[in-house]
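K.L.:
Protein chains in written order, with the numbering used here: chain V, 1 to 649; chain S, 650 to 953.
If you're looking for bench data, these hints aren't it; they were derived computationally from the structure. The beta carbon of each residue, even a glycine, is placed where N, CA and C say it ideally should be. Treat the hints loosely; a few may be bogus.
Label-pair distances were calculated between CB atoms; the ranges are [stated by the list, open to error]:
| id | chain 1 | residue 1 | chain 2 | residue 2 | range |
| --- | --- | --- | --- | --- | --- |
| 1 | V | V382 | S | H924 | 55 to 63 Å |
| 2 | V | R508 | S | G685 | 31 to 39 Å |
| 3 | S | H924 | V | S314 | 55 to 63 Å |
| 4 | V | T592 | S | G897 | 51 to 59 Å |
| 5 | V | T121 | S | A886 | 52 to 60 Å |
| 6 | S | S830 | V | T300 | 33 to 41 Å |
| 7 | V | R68 | S | G668 | 21 to 29 Å |
If you want a taste of the chain V side facing chain S, the calculated C-beta under 8 Å gives, among others [claimed, not checked]:
| id | residue |
| --- | --- |
| 8 | R27 |
| 9 | T130 |
| 10 | A313 |
| 11 | R316 |
| 12 | L319 |
| 13 | V467 |
| 14 | E482 |
| 15 | S483 |
| 16 | F491 |
| 17 | A496 |
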Amino acid sequence: MTPSTSADVLVAGAGPAGSAAALALARRGFTVLLVDPGPTGPPYELLITAPALASLDLLGVPTGWTTRLDALELRFGRPLVLSGTGLAVADQRTLRRTLRAAAVEAGVRSLTGTVGPPAWTDGRCHAVVTRPDAEPTPVTARHLVIATGAAQQATGEFRAQRCTGADLGPRALLTMAEDGDVPVCVWAVPGPSGTLTVGAARSGAAEPDLLDLARATLAELGPLTPTGPPVHGTLNTGFSPGRTADADGLLVGDTAGLVNPFTGEGLSYALQSALLAADAIAAHPADPQEARSAYADRLTGAFIGYFETARHASRRHRLMWRILTDAAGSDHPFFAKGRRAMLLPEGLAGLIAPEPAPQGEDHGDLLRAGPFLDACSEVAVVTIRREWPFLARLVLTGDTLGHHRLRPARLFLAAMLAGGSPPDTRHATTAAAIELATLGALALLSPPRRTAGPSRGVDWALTSAVVAGDFLLAQASRLVAESAPQVSRSFAEWLAELSTLRAARLDRPEDDAGAVYASLFEYPARIGAVLGGCPDRLVQAARDFGHHCGHAFQYAEDVLALDGKRTRLDTSLDAMIESGTSAVFEHFPGTTADSAADPELRGALLKASAEACARRHRSALDALAPVENAASRRMFEHFAAALAAPALS
Amino acid sequence: MTTTEGTQLTARMLELVDGLDEPLRTPVRSLAARPGKHLRATLVRTCAGPGGDPRRVLDLGALVELLHLASLLHDDVVDHADLRRGRPTARAVVGDERATLAGLACFALAGMLAADLGGGLDVLTGRTVAALAYGEMLDVERAFDTALPIADYLELAERKTGDLFRLSCLLGAVEAGLGASDVTALASYGAGLGVAFQILDDCLDFGSAASGKPLGTDHLLGLFGAPTLFALAADPAGELAAVLLAPGFAIDDMPTVRRLVVALGGLDQATDLAHATYDRAVGHLGPLDPDLSAALAALWQVPS
């Protein structure tokens, strides 16, 4: 036996997660031993999502070897193109080799072999590495990172293969098929020299001809002919906080089950969990148990893409799949947002840096707002993550009204501060309730039209909007009653008002189109002021501000839609006209989706909407006259500016 | 509930509903004006006993009935139902969107009433509505699952039906000023009664048509009740499952379903479970005032 090899950290597995962890640790000055059996597998294209790219940046790994894509096309029924997804592609071998090389360059010691079962004695990990062309090597380290992959706890499988025969252009494609009664996610990503990689993923064991199913599903692209070997891999979607906490080492990536259960995508979480693991070890360099604990806590808090209760997990998964497919053609905000949340990973909270603060935003304001908003997110997420993990992700990214700068909690906070009292985190629960109610309202206030004629079974699109809306509003009511019973009645009144306003719009869409949004924004502003102990004139100011903001929001949605841009509610002009949630009727009564296609009318509508938005923005600012507290004023002003930005630029 | 009490309750509910603006007042009023058995309000009334402020007892009854109404309005949207209590559903008359909004408005009404009644009622109500919404979700996601374990079905029944019955008994008991252990006993009774009631309701699909809903609509949606689930579990050949999962399954397949469910012992097992659940619920009433227990036992005579 060769003498024992020792390091600060032993990383078992040099896939993306392992290499990234090793690299991150080496950069922080740890000695790292990275052990892997060796082969990187055959070449095929891998989709690299925005959070994955951001992680590579954080790791200091240049990404010139990736190719940016323009869009992701979803084909679940009617084709839908998601732009602004920040996706890229690369050969998976290049990814692995680049990361391993970066790790070695940073000083990581690399060993070819397999790590045997670890034993912990005296606060150190001891294991034997079995090597193909050398003696077994005992190794010892203070920390152990386990990045060995999904094989040990496979919950599903995937296949992939390079092909020729179709030109995808600069976009990836995602669709669905069924293998028996098991949903299968099928994808196609462009490769070099006119090749593309076709793949499929499913839970449970796959038949060898899953690739045939994939190619058949994508047949409309062209005659697909394999040019590379078939790749067969396992998936582990079984993340559970318990498993992570109980493990011998820090589980990262596929090993931890950090995989999207719909698409099988795991790269973004592999890289991010590696970064979290490195952080945790760096925070507790001498205490491996503390490091493991810290890592498990952070990961559990941040990773919200799994179905918690094992008992209901498969049924809930199935429900989400049904919603995805049935609501595929819907531009309804609830589905548009839900779709993105289900299919595209978000950056884990606190890891991927938010955009830089806009000009003039005071650091003090950020410090004031940060903890309150974080507390608010935490409450909201904890409340709904068990039942609706993907809606919880929307809340986590502050995406309730399309952008974290527009989240209702900001408005609530600004109003709370107007009276001069410091932000009270006890009210974060109430703010969270309002955010959940806003999301629930979006689901319920214009549920999708029933699809197709009478057929067997439940209409999943309509049903899920009603069921999710009910769930969110019920939880919101409960939270309000528990945190601020003095506003229980006004909360109930608000819900009655929202439903009545919306019903009136159904009958007369051209009448006061922005009324629903006015109510949606007015309430958090009013209640924030009330709970902040503001005198009546400030409560009134906050109400008026919220009211004008709501109308401005309506016009801004129209501006974005008319301009062909992504709207805050992820919807389209056609959908807005059809559901009576557009204000174009105000400027030109009788506008239809067809007439709005005419460039001249469109231009006129765009101008009118932008002007209306700007007017409401001014009115909102005017309403702030009685607000003397500078921090509150700034927060209000920034909110209004962010809201009206599409019209003001 | 006596006829007078029933009339008073309906009147009070209509009074509350009239607080809603049009266009939602009409569809909510329509359903409120055609009361069902008022079982939940009856539980409130019975548990409140002879004491208690009659006005408040009436309002507590209205509260639980409004919650029930809100859930019916949404259930009918989800189930694509055309008939309820022998008349067209809200969604059949005003469409899915307006019916959904009507349900939301009704829920809001209940919230306002709970807030006005005070005494932490909003918290109790909030927890119950959260349970109702969760039950709605459990119900929907298990569609077409012919292997649904009875334990999961019972969880669903507890959330969807049991918890509102529990709240009804709880509100009455608190109003009567009963001690903590009696309140808990009544609440547990209510929870069990609700589940028993749900199971018996499922058995109705195979009995006489007294429910006012067309038979078999649940089966069409893949929502199988206790008798069917027991029968599926007892059917190794899978004949029943094949019938139920056939894409062309229609209401006129129900006689076949009925025959199979009965033959496989599903109806018997479900009936037994309903009675066992009821007996267990009644078991909680032991230490209570015998007059109260008798009054509650008499409720079971109400035709399901």
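K.L.:
Which of the listed hints are broken here?
P.N.:
1, 3, 4, 7, 8, 9, 10 and 15
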